[in-house]
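There are 2 protein chains.
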Amino acid sequence: MALIFTAQMYSELKILLFFQCIFSTLSFISNHQIHPLDSLAPSELTQVQTIVNNSIKCSSSCQSLSYHYVGLYEPDKQIVLSWLSDKHLKKIPSRQAFVLARINFKNHEIIVDLNASAIISSKVHDGHGYPLLNFAEQTAANMLPITYPPFIESIEKRGLKLEQVLCQSFCVGWFGEEKTKRIVRELCYYLDGTVNLYMRPIEGITVTVDLDEMKIIGYRDRLIVPVPKAEGTDYREMMQKQPVNSPIKGITMLQPDGPSFSIDGHIVRWADWKFHLDFDMRVGPILSLASIYDLEKDEYRNVMYRGFISELLVPYMDLTEEWYYRTFFDSGEYGFGLCATPLVPAIDCPGNAVFLDGYFVSQDGSPGKLQNIFCIFERYAGDMLWRHTETAIPGKVFTEIRPEVSLVVRMVSTVSNYDYIVDWEFKQTGTIKVNIGLTGLLETRADIYTNTDQIKEEVYGTLLAENTLGSYHDHFLNFHLDLDVDGCENSFVKAKLQTKTATDKSSPRRSYWTVVSETAKTESDARIHLGSSAAELLVVNPSKKTKMGNNVGYLLHPGSVVNDLLSADDYPKIRAGFTKYNVWVTPYNKSEKWAAGTYLDQSRGDDNLAVWSLKNREIENKDIVVWYNVGFHHVPYQEDFPIMSTISNGFELRPANFFEHNPVLKVKPLGKVKWLNCSIECHLHFSSTS
Amino acid sequence: MALIFTAQMYSELKILLFFQCIFSTLSFISNHQIHPLDSLAPSELTQVQTIVNNSIKCSSSCQSLSYHYVGLYEPDKQIVLSWLSDKHLKKIPSRQAFVLARINFKNHEIIVDLNASAIISSKVHDGHGYPLLNFAEQTAANMLPITYPPFIESIEKRGLKLEQVLCQSFCVGWFGEEKTKRIVRELCYYLDGTVNLYMRPIEGITVTVDLDEMKIIGYRDRLIVPVPKAEGTDYREMMQKQPVNSPIKGITMLQPDGPSFSIDGHIVRWADWKFHLDFDMRVGPILSLASIYDLEKDEYRNVMYRGFISELLVPYMDLTEEWYYRTFFDSGEYGFGLCATPLVPAIDCPGNAVFLDGYFVSQDGSPGKLQNIFCIFERYAGDMLWRHTETAIPGKVFTEIRPEVSLVVRMVSTVSNYDYIVDWEFKQTGTIKVNIGLTGLLETRADIYTNTDQIKEEVYGTLLAENTLGSYHDHFLNFHLDLDVDGCENSFVKAKLQTKTATDKSSPRRSYWTVVSETAKTESDARIHLGSSAAELLVVNPSKKTKMGNNVGYLLHPGSVVNDLLSADDYPKIRAGFTKYNVWVTPYNKSEKWAAGTYLDQSRGDDNLAVWSLKNREIENKDIVVWYNVGFHHVPYQEDFPIMSTISNGFELRPANFFEHNPVLKVKPLGKVKWLNCSIECHLHFSSTS
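Same order as they appear, the protein sequences are chains R and B. In terms of UniProt numbering, the first sequence has 74 at position 74, counting the first letter as 1, and numbering is strictly consecutive. In terms of UniProt numbering, the second sequence has 53 at position 53, counting the first letter as 1, and numbering is strictly consecutive.
Worth flagging that the hints you see were computed from the coordinates, not collected in a lab. Note that the structure is predicted; figures quoted are calculated from it, not measured. All C-beta atoms, glycine included, are put in the ideal place defined by N, C-alpha and C. All clues stand as given, with none of them false.
Residues from chain R shown here face chain B by an in silico Cβ test under 10 angstroms; the list is partial:
hint, residue
1, Thr139
2, Tyr189
3, Pro247
4, Pro259
5, Thr501
6, Gly531
7, Gln638
The task is simple: from the sequences and hints, build the whole structure.
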């Protein structure tokens, strides 16, 4: 292979060393005992590389070994829980790695035991699909068109400058082909006066690259349409004409006494919360063992064993020859973690944030650092945890207010054009709120049109600028939520809000609604289409009750409900599986991590959540996993050009009869805030009697 | 009448003089020209009182005059717009007041012209229903039970102390009765060791008070159940046992150079936004004439002529004799503005907030001040307007980020037990985001149960604590949104996302979705049930197009969709009307302001949005009003006891082909923030090249 792109090179490329704002990254990570769920450290990743490289005794065949994923092969859940319950007595469970590698053009799945310094399992995946792409092969493929004579001719025919052309690798999906090769399409863009390449697609050319052979195996130049102009596309401040709108004065979040959370290894503690946070090159942030301290019980109580984004599907709604296949799986094809971007202090996260790094492996298996990949900060947005003003008691007014402060864990993944802002927010109430922000650049299609008047055919998008169509598309993020509400054995309850007719004339009212709860016995009971009826979705612990006799539980509160509109027989829907319903519940199975399967590139939908769920296993009073989709239908508008402002969707996990009463009743007054140039001290807490 | 409750008394009751935190209310309001949409000033309210009092030449009949509402009778829209377009040449349109008064036990609707010092219209409303209650009559009614012998006997029978009993007035709704009197029910609660009266209902007693006669006309003591205990109900900090959970250190929003907005009279200017904000004793905040400056067109462009909460329905789902009628209209029965509570600086709103006052009239027509009824502040919550990191260009990394700062206008209305936090948030992107936070105290029912095991019947709620049922209920807030997108004549477009099957084998794909837009011709086309299908709801200006040819528009983006589950023939649904659909569109009509009608107390649904909309008027290319419901189904959980943490829902109005491109592309860098004890200056804006 011409270019070996090392982790070192990639790190250098991604780490931003130039900050306008000087900051200090606090040394929050102390020397700590390794936790069984800690991601593999750089030294461990190097050890994996050595063990695997040695095992295949590569000499001349070395060029055909490439790494696509290395991550923690986590210990069995019971082992982790047993270690946790008595961790001072037991040594840490064996550290193991899960490796996806291509060896001599075959998909290998390898489990390495680091304690034993040995491979304990190795198998060839001879089913469909391929592992996620690594950066090196994408970079190599991207270089091919510009030295390929037919492509050079196509560029010349369009009157474009070759040195301003930039190509990117796109997975091709699967559309019923019997045999597949490991190919990508190269889509090429034009710079020449802008850095916003995505607004300047060179339309009409299909370049197919065989990644194993690393050569172009297909080429077609179907049609020539104008490349949209550069003018108005560059979003950098330096490229704007002098802005003239009214300025907003400086504003920031201030914590003069520093943050209230602590980080010990990968364990974050804040308010009553405690959780483990780590990074995976496929899925990004993994939150584990989230538990909350119950003041009355004087113990930490489990809420979530693991939560992460298991897959991300982005199907475009354009059937033209160069577009129909664009149905991307950003986790399984490109690596949602791998695409994470270093966060810029005081800008991507507020000035009071603390940053953490993550590690990945490059094509050759060597570890690379992704610096400042997470930020953690406390948020005060001017809102209230709760309040009440009581004026009913004659001669007295009581006002009692608690301002809301929460803890945010953030990662931003920039998968080519799109920037996904992932926020896991922990609230003092016991709620975990997940918010996905979408910003960055649209994928646009060039066409002949300069005004909607000219459009007489289906163009699959909105005319955003001259020759620029913003294509209709969706985003579906599937969350793997292994809730363990006060223990592993849980049940999933659909509490339907059902209208009842008051027919017996005993009441002047003619109707009301009440709650009719159905406990899901098997997986089929828990496949849910949201939107058509009102229901509360609960994960309860059937063997734990409150003093009042209610089952201890947590509620899944959806955000905006977005359903997949593709027909059931369409390939991207078959491949994803998970978009067929908004909510799924499965029994815990260590191998069922990634909702659309392990090998997403050209997958055929034979190993995904929809298939697993067909077993219709029992899920009542079992260790269960909830899978929930956060979706976006994106109809672009001109405001999305040339860069789109953030749009959001998400969900909440709220305690529901988990506590005996409001857990923030006894929340302590906040610390004092000293105002700048101001000697007055101010409690962020209010209690008044007049 | 025994007690005349004056505005002065009420003001004194509601104004909180005791703040733990010293603050300064900045004098933002300069001497200004009166704006035609300014609410009536205290002097104008006094003038209204004088004119009305004189006109009815009251002598001995004075005691039968009571004021229930006085608000601005706003000039016709065209007059306001014409004044605005050339305001230096024209004198301000006549100042007029709309008065709802009870004169000799009849509902009077009076329009007073203040310039002419005369009543210009006066009519008796002889239809169904009564105006909103005033505080004085509620206070008087609340005093009746405790001197009423049968009630005293009931209290004694329960072994309670009369001096710890507190009663409140509740509207009775309408359930098909042929004749009605102006009555309320008195519901009584027990203090005795708590200020949280709502957790200690004295169940089983029905006290009916005739407000005109101000006497008890009905009494029934149906059943005795235990009054829930006081223990664990008081939410005040001083009443908690020493809290022991980990403290959160001080955190605040800091703007060392002060806010970036200005207030001139009632006109607020911030970033590119300009709007008029005022207070109404019925609906609370009214936002008018919201327009945004378009840098390229170098002009302010209209977005919304008026927006406010037109009505608020809270139906309970309990059919027991003492509960079935609890279907409250918090605006039309109690006055959502009248119930607004003074905001506590640095607690209800962050330290950088500025406060405004509002005015109401008391029973005798005299004006009263509601101090600090609004706060306005800039919010920085650590989020981003937009961002992108570009790593595709070899050897270069571009990161461009704009942090998000928004402007929040807040009011809190405490309607007895519930505290509604109303936020209108203006974003630099052109989006107006409305968020409703619900907190405060549940309305609970006392019953015999101390554990769910004992419950064998329908109890219409969740057992929250011993003898305490949290009743199932809804909240529906109807927003009157008179959008004027770039002018008055607008159309409402439902842009459906429709699945298309790719049947012709021309594409390997089998389906996609596209946008099929339908312009609503008449009102019936624009009555929308959300949730069942995907659609974008747009208000467009059919005569204004972008350069690309797209219709200039704004998008209504719903939050969580909540539908009214009551049967169509149930009384509260008939009376409200507006809950039958999530979205309605009507042609502008000055008299159609309050979605459930003017006279809500015991209304019969003969004058509401559902009735107006039956006319099925034309709404294409007309001056239209959108009515949107924000809903909550509330299934209480033990976490809601004894006080509930804030839950939220809302919607957004987003520009959709309103601008030619992203309007925040040229947003200026934020001002500099000086850190405490820190000489480093930090731009809250980021642009990097490496």
